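If you're matching them up, the sequences are chains X, U, R and E in order. Quick note on this note's numbering: the first sequence kicks off at 1 and runs consecutively. Quick note on this note's numbering: the second sequence kicks off at 1001 and runs consecutively. Quick note on this note's numbering: the third sequence kicks off at 2001 and runs consecutively. Quick note on this note's numbering: the fourth sequence kicks off at 3001 and runs consecutively.
Honestly, the hints are just simulated from the structure, not real lab data. Quantities reported herein were computed from a predicted structural model and do not represent experimental measurements. For every residue, glycine included, the Cβ atom is placed at its ideal position computed from N, Cα and C. Hints should not be assumed to be uniformly reliable.
Sample of chain U residues lacking proximity to chain E, with all beta carbon distances greater than 12 Å (derived) [said to hold, decoys possible]:
{"no.": "1", "residue": "E1041"}
{"no.": "2", "residue": "A1069"}
{"no.": "3", "residue": "N1106"}
{"no.": "4", "residue": "D1108"}
{"no.": "5", "residue": "T1154"}
{"no.": "6", "residue": "L1213"}
{"no.": "7", "residue": "L1226"}
{"no.": "8", "residue": "G1236"}
Cross-link-like lysine to any residue pairs, in silico, SDA-like; alpha carbons within 25 Å at most [claimed, not checked]:
{"no.": "9", "chain 1": "R", "residue 1": "K2040", "chain 2": "E", "residue 2": "N3027"}
{"no.": "10", "chain 1": "X", "residue 1": "K412", "chain 2": "X", "residue 2": "L401"}
{"no.": "11", "chain 1": "R", "residue 1": "K2023", "chain 2": "E", "residue 2": "R3009"}
Not the full set, but computed from the structure, chain R residues with beta-carbon under 10 Å of chain U [to be verified]:
{"no.": "12", "residue": "H2028"}
{"no.": "13", "residue": "L2029"}
{"no.": "14", "residue": "V2038"}
Listed below, chain by chain, are the residues.
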Amino acid sequence: MGKAEEAKKLGLTDEEYNLIVQTLGREPNDVELGMYSVMWSEHCSYKNSKPLLKRFPTKAPHVLQGPGENAGIVDIGDNLAVVLKIESHNHPSAVEPYQGAATGVGGIIRDIFAMGARPVALLDSLRFGELDDPRVKYLFGGVVSGIADYGNCMGIPTVGGETYFNDAYKDNPLVNAMCVGIIRQEDIVRGKAQGVGNSVMLVGAATGRDGIHGASFASEELSEESESKRPSVQVGDPFMEKLLLEACLELLKEKWVVGIQDLGAAGLTSACSETAARAGTGIELDVALVPRREKGMTPYEVMLSESQERMLIIVEKGHEEDVKRIFEKWDLYAVKIGEVTGDGMLRVLENGKVVAEVPAKSLAEGAPVIKREGKRPAYMDMQDLDYSKIEIPENLSEVLLQLLASLNIASKAWVYQQYDHTVRTNTVVPPGSDAAVLRIKGTKKGIALTTDCNGLYCYLDPYEGGKQAVAEAARNLVVTGAKPLAITDCLNFGSPENPEVYYQFEKCIEGISQAARILEIPVVSGNVSFYNESCSRVIFPTPVIGMMGLLEDVTKHCTIAFKNPGDLVVLLGENTDELGASEYLRVIFNIQGGKPPRVDLEREKRLQLCCLKAIEKGILSSAHDVSEGGLAVAIAESCITGNIGFEGEIMSDIRADALLFGEGQSRIVVSLKEENLPALIELADKEGVKAAVLGRVVPEYFRINIKDSKGSCKKIELSLKEMAEVWSKSLERKVER
Amino acid sequence: MRGAVIVFPGSNCDVDCFHVWKDVLGQPAEYVFHKEKFSPEDFDLIILPGGFSYGDYLRAGAIARFSPAMDSVYKAAEKGKLILGICNGFQILLEAGLLPGAMMKNRDLKFHCHDVYLKVGTADSPFTNMYLPGEVVKMPIAHGEGNYYADADTIERLKREDRIVFYYSDEKGNITDEANPNGSVENIAGILNEERNVLGMMPHPERCAEEILGNTDGKRLFMSILEYLEGRVKIGKSRRS
Amino acid sequence: MFNAKIWVRFKNGVLDPQGAAIKGALNHLGFEAEDVRVGKLIEVKLKADNLDEAKAKVEMMCEKLLANPVLEDFSFEVVEESI
Amino acid sequence: MFNAKIWVRFKNGVLDPQGAAIKGALNHLGFEAEDVRVGKLIEVKLKADNLDEAKAKVEMMCEKLLANPVLEDFSFEVVEESI
Ligand SMILES: Nc1ncnc2c1ncn2[C@@H]1O[C@H](COP(=O)(O)OP(=O)(O)O)[C@@H](O)[C@H]1O
Ligand SMILES: [Mg+2]
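Modelling step: build the complete structure from the supplied sequences, incorporating the hints.
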C-alpha cells in the first residue's frame, strides 16, 4: 500500500497528506504518519471548529488564563484563582461505560492539576436514551458507577451535574465531566517546554498498548465497527492518579519546574508536540527510555499509547534526581526520556536511532482549518405549533404529578448519592439545589458551580438554545447568591461534515457568545466533541455550559428549599404565554416541538442583578429558578426539598397550562419573611423587575388556584407526601427495576 | 492535646480530620506519613482517616495495615492511647485486628453518600461522652464497603460489653432495616475495642463539625475526646465494677 | 443440578490495577512476586437437562453478563452435582 | 518460577451481596440459577527454590494478605512454570 493510501486509511485527507509531505520535504514514515493522523484528527486539532470558537468573548480583567491551555483560570481575589475545564468522553463511554466514564474523570482531573491547582470539585453532565431500553440502562448504570468509583477514590467531591433522558441520545450517550481547582496565583504553571537543554521527564503509570488511536476513534461516528475497535478503551487506575496528584502538587512547589502537561488523547505525541509548540521549542526523546507495561512495543505504539495516569514534566537540567526523590516518596517512578531542543522539531529516537522527526508546531497547530458552510435544517420550519389545538387537561394536579415523575425533572439523588459530595468538608450546598456551593477555607468566600443545557431547545432553535443555556447556568448560580465569573463549555454535536449539524454548531456558538457578552461572563476553556451520531440518529445539538460564580461571603448563600411556614412566595420576572419545547408537551402529549422559550438577555440581566442583591441583603429565605416543568414544578421542588407546603393564587389571562408548566425564561421563585417584602419590591422596582406575590409557605399541603379575568378558575391540589414520593423515587424505580 | 493523622497512600479525608482537630478544636495536629514510625508518647490521639488506601484494591484496608506507621499504632493502642478510625480507618482497624469483625461491600453494591441518623449506643467512651445514650444524631456517610460483619458470638460480646457506639436508625431512633444503609449486622455503625480506647466508625463526624456545613453533630465526638484527654470525664467504671 | 465454576480474567495487555497493588504489597512483605493478576471466580448452581445444555447455558451467561468482552476473557468447568 | 492459582471464597454462611445481585440478574435473563457465589481468582507468578517452598509461600500469602479469615476461605494450586 502506498503512503498516501495509508494516510487515507488513518483518516487524513489528500490535502492534509500533501501538506505533510510538503512540510517534511519528503514522505512521512509510518511512525510520523501515525502521529500526524491523531494530532490532525478533529479531536486534537479542532480543525472544524477553530474559526467559530474565536467568536466567544474570552477576556475580562479577572481572566488569568483563557482558552488554549489545559484549563482556564479566573482571579477570585485573596491572591487565589479558580481553574476550570470540562471535557467529553462520549465515545469511550458508549463502548465501555464504566471505564469510559472513569477515564474521562481521570483525564479532566489531570487537566486541572497540570496547572498546579488542587482539584476541589467535579461535575458530570449526562445524557442517555430512555431507560426502558436495557442497553441504555446498562450504559447509564455503568457510567454512573465509573464516575463514582474514580472521583470517590480521588477524594474529590462530585457536587453537581445534570442528567437527561431522550431518545436522541440512545445510541450515543453524552458523558461530560468538569473539574474545578483552586490555586494560589503565584503557583500557576503552564504546559510549556521552555529552556533548551532542560530535561523532559515522564512520570506516573507505565505505558501499555491502551487506547492507541483513541483520538481518531473520538472523531468518527459510532457504527457496528466501533464494537470491534473496543480494545482502544483504557482502564483507569484512580489510586495511581491520587498518588500522581499528590506527587505533582508537591513537585510543582519547586521553582525549577518549567512546565507540566498531562498525557491524554494521542499520549506522548500530543504532550510533547503541544508543550514544545507553546514554547516555540523542540523536544528530542528516546522511546526506549519509556517504562513499559508490555513487552515488544514499537515506537509507534509508545508514541500513540493513551495509557492513563501519566504526566510529562519539564525541569531545569540537573534537577532530575530531585524529581525522582519526590516521586519515590509516593512509590511512583520518574524517568528522563529526553530534552528540550532549540530546533523546533519533535525528534523521536529508539536506542539513539531516529525513528521520527517532525516540526512540533506543524503537528500541534498545523492541521489545515476546514471551512464549512452550514445549512438551516429543514425540520426547523416545522417547529410552528398551533397550541390552540392542544386541549388543556382537566386534571392539572395529575399533570403536575406526571411531570414530577418525569425523569428529566425528578430528583437525581440516585445518581449523586453514589458520588462522594462531602469529602474535603467544603460542600456548603450539596447537589439537589440549583447549583452547588463550596466554601474556600481560609477566606470568607465561596464558589458556586453548575452545568446546564437543554438539548431539545438547541435542536428546535440552536441560537436561542445556546443563549438559554448560558442564561440558565448564570441564573442557577445567582439564586445561590453567587456572581457568575466564567464559562467552560463542552460542545457536543453530530458530524460537522453534515451542513445541518454545522449550522446547529454555528448558531449555538452565536447564541452562547451573545449571552456571554451581554451577561459579561467570559469563556475561559472548553472542549468540542463532534461525530456524536449513529447511522440511525444524530444527537440533539448539546452545548453544555459549565459555569463558576463567586460568593464574597459564603455564609449568605441561599438554597431552593422553602423554610418557614408563613413566608411569602414571590415570583421575580414575568410569566409568558410559551409552551414550546416544554417537558409538559413532551410528557403529556408526546410532542417535541414548538419554539423554545426566548430569553430577553437584558431582562435576564436585570433579574439576576435583582436576585443577587436581594440575597446579599439577606432578605430571602429561598430562591429557585424556573426551568424544566415551569412555575408549578419550581414551586413544588422548593416545597419537596424543604419538606413544607404552599398555598397560593395566581391571576392571569395566560392559558392555564402555559402559566403552570410553560418554560418561559427569566423567572425566579423566592420566599421571604413578610416584613422583607417592601425591601424586595423596592429592589425589584429599582432594577425594573416585576415582582408578584404568589402565595405563602404552609405546612404539608400544596394548592395553587389560578383565575383569569373572565372569572374562570383552575386548581392544583396535592399532598406534599404524594408529590415527594413520585419526585424522589421515580428515577430509582426506573433504574432498579 | 496532640493529634496525629496518618496519611496512607490513597487517604483522602486526612486533610478533613486534620482541619477539625487543628482549626475547629484548636489543638495541635500533625500528619504522619505511612512510611514513618512514631513513638506512642508523641501523640494523645491518632486518627486513621477515610479514603481509599491502596485504592481499596483486594479489600478495603487490607494492604494499609502493613504500613510501618501501623506498627506504631499497635503500640499506641496497647499503651491506651486513643485511636479513632473513620470509614477507611475503621476498615484498616478491622483488617489489622484491632477491632473484631470485617467489612463487606454494601448490600446493594452501591456507594452511599448521604446523611444518616445514628442512635448512640454507648456514651461511656472517650469518644462519645458528650452524647447521651440513646440520643439520635445525624452524620454523613460516604462509603461503598461499610457492610459490617461479625459472627454471632462476637456480636453478643460487643453488646454485653457495651461496645457498640452507634447504630444506624431512623430519625426517631428506631433501629430498622429501612434505616440500614449498607446491610451491617444489627445496624452497627461503630464499635470500640475491649479497652475502649480504639473506636472504628463508618460515618464521618469530621464532615459535620461546623455551622457552615449545616450540621455540628460530629463536633461533639471530637469535644468528647478533648474532655476525656483533659481529664474532665472518666469512663468505663459502671461496667467494670 | 449442575455446578459451574467460571473464571473471568482481564485480557492480556489490559491494565490490572488491583494486581499491581497486590504485587506491591506482597513484595513489601518479602514474597517475591513477579506478577499478580486478579480475576473473578464465579460459582453458579444451575438447572439443566443434561451436561451439554448446562455448558451451553454457562457459556451464554458468560457472554451476556458475567464477562465484559471488551476487557475480559472467561473459561469455565461444569460438573453434575452428585446427590 | 512458579505459577499459583489462588481462589478466595466467602465462607459458608456469609451472605454474598455480589452473588445475590448476579443471581438476580441471571434469573432476570431467564437462566435458572439456584445459587451464585462470587470469589476472587488471584494468579501469582513467584520465585521459589522448589515446589514445596512455593506452596509454603503461597499459603503464607493467603493467610497474611490475600484472604480475610473472618469472611473468607482460600485454596490454591501451584505448578512450576514450564520454560
Ligand atoms: N449527574 C449528576 N451528577 C451530580 N449531580 C447531579 C447530576 N444530575 C443532576 N444533579 C443535581 O441535581 C440537581 C438538579 O439538577 P437539574 O434538574 O439539572 O437542575 P437545574 O434544572 O436547576 O439545572 C442539581 O443540584 C444537580 O447538580
Ligand atoms: Mg435550576
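Hint compliance check: list the failing hint numbers for this structure, sorted ascending. Result: hints 3, 4, 5 break, sorted rising.
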